[in-house]
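Sequences listed follow chains A and B, in order. Residue numbering for the first sequence follows the numbering used here, beginning at 4 and increasing consecutively. Residue numbering for the second sequence follows the numbering used here, beginning at 3 and increasing consecutively.
In short, the hints are calculated from the structure, not lab data. This structure is a prediction, so every number in the text was calculated from the model and none was measured. Hints are supplied without guarantee of correctness; some may be wrong.
What the hints assert, rightly or not - Taking lysine-lysine pairs in the DSBU-like style, the calculated list, with each CA pair at most 35 Å apart, reads:
no.: 1; chain 1: B; residue 1: Lys43; chain 2: A; residue 2: Lys97
no.: 2; chain 1: B; residue 1: Lys20; chain 2: A; residue 2: Lys113
no.: 3; chain 1: A; residue 1: Lys97; chain 2: B; residue 2: Lys55
no.: 4; chain 1: A; residue 1: Lys101; chain 2: B; residue 2: Lys38
no.: 5; chain 1: A; residue 1: Lys45; chain 2: B; residue 2: Lys43
no.: 6; chain 1: A; residue 1: Lys97; chain 2: B; residue 2: Lys20
Claimed, not checked - Derived contacts from chain A toward chain B, CB cut-off under 8 Å, selection only:
no.: 7; residue: Tyr35
no.: 8; residue: Ile37
no.: 9; residue: Phe49
no.: 10; residue: Asp52
no.: 11; residue: Asn100
Glycine residues also receive a C-beta, built at the ideal position from the N, C-alpha and C atoms.
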Amino acid sequence: GESVGLHLPTLSVQEGDNSIINCAYSNSASDYFIWYKQESGKGPQFIIDIRSNMDKRQGQRVTVLLNKTVKHLSLQIAATQPGDSAVYFCAEAKNFNKFYFGSGTKLNVKP
Amino acid sequence: DTEVTQTPKHLVMGMTNKKSLKCEQHMGHRAMYWYKQKAKKPPELMFVYSYEKLSINESVPSRFSPECPNSSLLNLHLHALQPEDSALYLCASSQVDRGNTEAFFGQGTRLTVV
Numbered sequence: 004g005e006s007v008g009l010h011l012p013t014l015s016v017q018e019g020d021n022s023i024i025n026c027a028y029s030n031s032a033s034d035y036f037i038w039y040k041q042e043s044g045k046g047p048q049f050i051i052d053i054r055s056n057m058d059k060r061q062g063q064r065v066t067v068l069l070n071k072t073v074k075h076l077s078l079q080i081a082a083t084q085p086g087d088s089a090v091y092f093c094a095e096a097k098n099f100n101k102f103y104f105g106s107g108t109k110l111n112v113k114p
Numbered sequence: 003d004t005e006v007t008q009t010p011k012h013l014v015m016g017m018t019n020k021k022s023l024k025c026e027q028h029m030g031h032r033a034m035y036w037y038k039q040k041a042k043k044p045p046e047l048m049f050v051y052s053y054e055k056l057s058i059n060e061s062v063p064s065r066f067s068p069e070c071p072n073s074s075l076l077n078l079h080l081h082a083l084q085p086e087d088s089a090l091y092l093c094a095s096s097q098v099d100r101g102n103t104e105a106f107f108g109q110g111t112r113l114t115v116v
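In isolation and in its complexed conformation, chain B is listed as follows (with noise of 0.2 Å):
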């Protein structure tokens, strides 16, 4: 199994609802993604899990709550958002070690915030 499952697919939002997006791997990757991605442009790294620990956060407004609950899971919380927050998010995950640089991609969440 080489998935990476996000769900929702498609997400719409008002800017005051609170609502989460999830990822789920079954490759025994202990590392996790989250990218956020504009409609022609490349994906921006928000966050990294490294053995469930976040490890790095690339100063992501705290808008964007991320946990991850096991290994296998991956949750992005979601609060106040704004409408240019809309875009397509991301979850990856990969192995750790050190000469390994194959990310395995989910297919995205279509996030819209009105």
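Next comes chain A alone, as it looks inside the complex (with noise of 0.2 Å):
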């Protein structure tokens, strides 16, 4: 069953600030790492990828770095706003069209 009182590690920044959402991943054998925003009551929503032999890429007003020495993934968000509040994951696809999630941030921009 669920675990009564499961907290999502949170990022609390301020509006205008640049936030940095981590996740480390177990699988060196996957094609593209994703990063996707959840709102509350939505279903994921895709934010950004990177293929498994680039290090960076950017989109507007994100940014994705992959560390592959240390199994780690960052997304970059620049200038926070209010609407960028939710829950972020990162997922990593083998084989092109298997998605698997990993866990998540929940980021709460303060006004």
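Taking the hints as your guide, dock the two standalone chains into a single complex.
Rendered as structure tokens:
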């Protein structure tokens, strides 16, 4: 059954500051690494991905960094806005169509 | 249209009931997925359909039975569920192309088994 009182790691930032959300992964055989955002009451929403042979990729206000040496993935959000408040999940894509989600981080943006 | 539509949004069922969850997309995606998500946990992959054929079953109990009647529809048939099966069930779709990792998720069906 479910654990009572289970908490997600939470990152609280001030509006306008930059946010960095981290994720550790275990499987080096993944083809891609992906970040998803999940707002309350909604399904996950794709943010950005990075192929396993890259170490950095930039999108609009977001940057994903991949460090394969230490199996670490991070998502940087520039000028964080209240609308960025959500739970962020990293995910791995294996064989391109198998998506496995890692643990989430709750981002709380304070106005 | 970039929507994945799931029905119903909420479902309460008894352990002896049979019910079905439905998912629909009109983006021309040929990969469709079922995920299960418990509160404060990441989504867990259950099934993957590729070109309307079941390609992945992540050792899901047989009381969950998926069906893909055509390229736009995905069903999940439920029978003899247990209270611990209560969760948010998410449907997703994506293109099958290599290098395309953008999966589109529906809002989910909140299932409660009593």
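Evaluated hints:
Between the alpha carbons of Lys43/B and Lys97/A the distance comes to roughly 20 Å, so the proposed pair stays at or under 35 Å and holds. For the given pair, Lys20/B sits about 45 Å from Lys113/A by alpha-carbon distance, which is inconsistent with the 35 Å threshold. Proximity of Lys97/A to Lys55/B is assessed by CA-CA distance (about 18 Å); at most 35 Å being required, the pair is judged to hold. Taking the CA atoms of Lys101/A and Lys38/B, the gap is near 14 Å; set against the 35 Å cutoff, the hint holds.
Restraint check for Lys45/A and Lys43/B: the C-alpha separation of about 14 Å stays at or below 35 Å, so the hint holds. Between Lys97/A and Lys20/B, the direct Cα distance comes to roughly 33 Å. Compliance with the 35 Å bound is thereby established for this hinted pair. Evaluation of the Tyr35/A hint against chain B yields a held restraint, the C-beta minimum of about 5 Å falling below 8 Å. Look at Ile37/A: its Cβ gets to within about 5 Å of chain B, closer than 8 Å, so that hint holds up.
Nearest Cβ of chain B to the Cβ of Phe49/A: about 5 Å, under the 8 Å cut. The hint holds. Interface hint status for Asp52/A: upheld, as the beta-carbon distance to the closest one in chain B is roughly 5 Å, under 8 Å. Checking Asn100/A against chain B: minimum C-beta separation of about 5 Å stays under 8 Å; hint holds.
Hint 2 alone, counting from the list given before, is not met by this structure.
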